[in-house]
Amino acid sequence: AQKITQTQPGMFVQEKEAVTLDCTYDTSDQSYGLFWYKQPSSGEMIFLIYQGSYDEQNATEGRYSLNFQKARKSANLVISASQLGDSAMYFCAMRDFLNAGNNRKLIWGLGTSLAVNP
Amino acid sequence: DGGITQSPKYLFRKEGQNVTLSCEQNLNHDAMYWYRQDPGQGLRLIYYSQIVNDFQKGDIAEGYSVSREKKESFPLTVTSAQKNPTAFYLCASSIRQGHTGELFFGEGSRLTVL
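Chain order of the listed sequences is Z and W.
Just so we're aligned, residue 1 is where the first sequence starts under this note's numbering, counting upward by one.
Just so we're aligned, residue 1 is where the second sequence starts under this note's numbering, counting upward by one.
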């Protein structure tokens, strides 16, 4: 069965330092996509970054990068130069391309709470 | 600005009452979704709709109902049949045939049953 595992319930990082949030996934499909979302205390889920299973390069979006290790089935989020506004919950999710155009198969992890210390 | 608007942000309900949560989007997205979020359980899909006048049950549809009469609107009714309705509800939308299919979310509605 498809599954997303985020093993870090909570993380702390010092402002301006980098932090890695772990995500491992389990799927037997060859074609899939991996997402990271941020949920601040306001409640809204904010899309951060996407990695397709066939993408050869790791995805990057500004200070966010995705460390994609396909053989290990891991898709860790790296946040560089942490800012106070990065304090939030972070969720990893996976989409099965067999249902492309239908996000019903978006599988979510339980999230990691990140606190950035000044 | 384009986005998704959910209302109300907070809602209190007595047991046995139905309540409707509003979700409106001006992103011109075809697909819309309702998720439920409970502490420690992540997001669970309640209902989704790919097109006007059509919707499908998600993983936890029992005790909920939806309608999709307009492209912009996807209201969720939490009925008295829902055993444990206290939760945070998130509405989302996506381009139906998007490259990555990322979801765009509203700010959520927190429902508390007294």
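Quick caveat, the hints were computed from the structure, so don't treat them as lab data.
Think of the CB as a built atom: it goes at the ideal place given N, C-alpha and C, for glycine as much as any other residue.
Treat the hints with caution; some may be incorrect.
[Unchecked claim] Computed footprint of chain Z on chain W, listed as stretches where at least three residues anywhere in the stretch have a Cβ under 8 Å from a Cβ of chain Z:
| hint | segment |
| --- | --- |
| 1 | 36-42 |
| 2 | 81-92 |
| 3 | 104-111 |
[Stated by the list, open to error] A few chain Z residues that face chain W, going by a derived Cβ cut-off under 7 Å, partial list only:
| hint | residue |
| --- | --- |
| 4 | Glu44 |
| 5 | Phe47 |
| 6 | Leu110 |
Against the earlier hints, flag every one the structure doesn't satisfy and list their numbers going up. none
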